[in-house]
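Chains as they are written, first to last, in the working numbering: chain H, 1 to 116; chain R, 1001 to 1114.
Possibly wrong hints are sitting among the right ones.
[What the hints assert, rightly or not] With beta-carbon atoms standing in for the labels, derived distance ranges:
no.	chain 1	residue 1	chain 2	residue 2	range
1	R	Ser1109	H	Asn52	32 to 42 Å
2	H	Gly59	R	Lys1005	32 to 42 Å
3	H	Glu14	R	Gly1083	13 to 23 Å
4	H	Ala2	R	Gln1081	26 to 36 Å
5	H	Pro97	R	Pro1082	35 to 45 Å
6	R	Ala1045	H	Ala54	27 to 37 Å
7	H	Thr70	R	Met1078	44 to 54 Å
Quick caveat, the hints were computed from the structure, so don't treat them as lab data. Think of the CB as a built atom: it goes at the ideal place given N, C-alpha and C, for glycine as much as any other residue.
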Amino acid sequence: GAGVSQSPSNKVTEKGKDVELRCDPISGHTALYWYRQSLGQGLEFLIYFQGNSAPDKSGLPSDRFSAERTGGSVSTLTIQRTQQEDSAVYLCASSEPAGTNSYEQYFGPGTRLTVT
Amino acid sequence: QQQVKQSPQSLIVQKGGISIINCAYENTAFDYFPWYQQFPGKGPALLIAIRPDVSEKKEGRFTISFNKSAKQFSLHIMDSQPGDSATYFCAASIVFYTGNQFYFGTGTSLTVIP
Chain H
1 GAGVSQSPSN KVTEKGKDVE LRCDPISGHT ALYWYRQSLG QGLEFLIYFQ GNSAPDKSGL
61 PSDRFSAERT GGSVSTLTIQ RTQQEDSAVY LCASSEPAGT NSYEQYFGPG TRLTVT
Chain R
1001 QQQVKQSPQS LIVQKGGISI INCAYENTAF DYFPWYQQFP GKGPALLIAI RPDVSEKKEG
1061 RFTISFNKSA KQFSLHIMDS QPGDSATYFC AASIVFYTGN QFYFGTGTSL TVIP
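For reference, chain R alone in the conformation it holds in the complex:
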């Protein structure tokens, strides 16, 4: 059972364009929604994250939009650059008193064409 559903599986964007990756979840207990960026041969690295009490968070060219009622969140990459070409994972977490448990989407392979 996939706790977090991610789309699209792959995405090709022209340099300077906007990349949009979407995720949806079912469990309303999730209280932390990070996005990870992974380059080939490397482990995922946190890119940006949001809590459910805000609808948007922006860091540089990266923005998370969060729709609590629809149980959806998305990553927007503005002015996409070839260096952004990587695999992106969304995730959702429930904070238990003993720690966090994370559920990941299946990933989106982004290619930015120069």
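Next up, chain H with everything else stripped away, as it sits in the complex:
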């Protein structure tokens, strides 16, 4: 399929462990976003990558959270020393290059993270 894919779909981890969440954006999409969605809540912006520009990390809640995007495509969100409050669905989205007429974000199915 040509959509945004995320892995794993579910992740259960013990408090204090590190986790890595992966996002494969739609081919050709230069913008990539990470959001966090807690149970019954809206989408909380975490980080935004656009091409080769420095990422906008303004939404990362603490220094335990980091993300990278290799080769302008796949992105990995890393949460170190996980806490129970990190339990949420982590959503990735991608969109076409800036300057195009399409502002649409395409979302992946998300990774449900549970910290026990």
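Following the hints, put chain R in place on chain H, whose structure we already have.
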């Protein structure tokens, strides 16, 4: 600081009725206002979107009404169906030269009763 405020938090509508969800924003630099629909276990999907140069956009049973002076926009779902039961998010975007940044409302859980 919530850039986009959405209401109501939940909504129950009879089949065939009209569902109305409202959003308000403060930043006049926003230039793109999408609505997303999210079913349980799925990521949000774009439903309909509007630019600030028009006051209304209709696609099938879904209509966005946009009031630039009041800095408000709303989603109307006509002839609501049980299959419309989902969570709806409004959003607003500012297009920077490097791309878009999106701000989301807190979501509305819609239940359409058969």
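Quiz item: Broken hints, numbered, in rising order?
Solution: Going through the list in order, the structure violates hints 2 and 3 and respects the others.
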